[in-house]
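> When we follow the numbering used here, the leftmost residue of the sequence shown carries the number 1, and every step to the right adds one.
In case anyone wonders, no lab produced these hints; they're calculated from the structure.
One thing to keep in mind: the hints can contain errors.
[Unchecked claim] Here are the computed distance ranges between Cβ atoms for each label pair:
hint: 1; residue 1: Thr9; residue 2: Asn35; range: 15 to 25 Å
hint: 2; residue 1: Ser2; residue 2: His38; range: 14 to 24 Å
hint: 3; residue 1: Ser2; residue 2: Lys36; range: 14 to 24 Å
hint: 4; residue 1: Arg48; residue 2: Lys15; range: 11 to 21 Å
hint: 5; residue 1: Pro68; residue 2: Ser22; range: 32 to 42 Å
hint: 6; residue 1: Ser22; residue 2: Gly55; range: 28 to 38 Å
hint: 7; residue 1: Gly56; residue 2: Ser2; range: 34 to 44 Å
hint: 8; residue 1: Leu11; residue 2: Asn35; range: 16 to 26 Å
[Stated by the list, open to error] In silico DSBU-like pairs for lysine-lysine, Cα to Cα no more than 35 Å straight-line:
hint: 9; residue 1: Lys19; residue 2: Lys36
hint: 10; residue 1: Lys19; residue 2: Lys45
hint: 11; residue 1: Lys3; residue 2: Lys15
hint: 12; residue 1: Lys36; residue 2: Lys15
hint: 13; residue 1: Lys3; residue 2: Lys19
hint: 14; residue 1: Lys3; residue 2: Lys45
hint: 15; residue 1: Lys45; residue 2: Lys15
Think of the CB as a built atom: it goes at the ideal place given N, C-alpha and C, for glycine as much as any other residue.
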Amino acid sequence: VSKTGAEGTVLDEAKNINKSLSALGNVISALADGNKSHIPYRDSKLTRILQESLGGNARTTIVICCSPASFNE
């Protein structure tokens with residue numbers, strides 16, 4: 001928050017986005033560990049929406065955009 005200076009509605013939106021991304025990471029981690037009997041799809045709306053794509057027979061591709069440029073830090 002100190003770096004972005006987000007306040008009010010923007011701050012609340014950022015919190016919700018981070019929470020959903022964290023929940024997505026938890027689901028992917030649970031799916032990668034084949035021994036888990038519980039996959040936490042209900043932790044966020046994002047994971048509920050993606051449940052069929054992540055846990056079904058679908059193939060999933062994650063695209064990450066990375067840049068070594070110093071201005072992205």
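> Of the numbered hints stated previously, which ones are contradicted by the structure, given in increasing order?
1, 2, 3, 5, 6, 8
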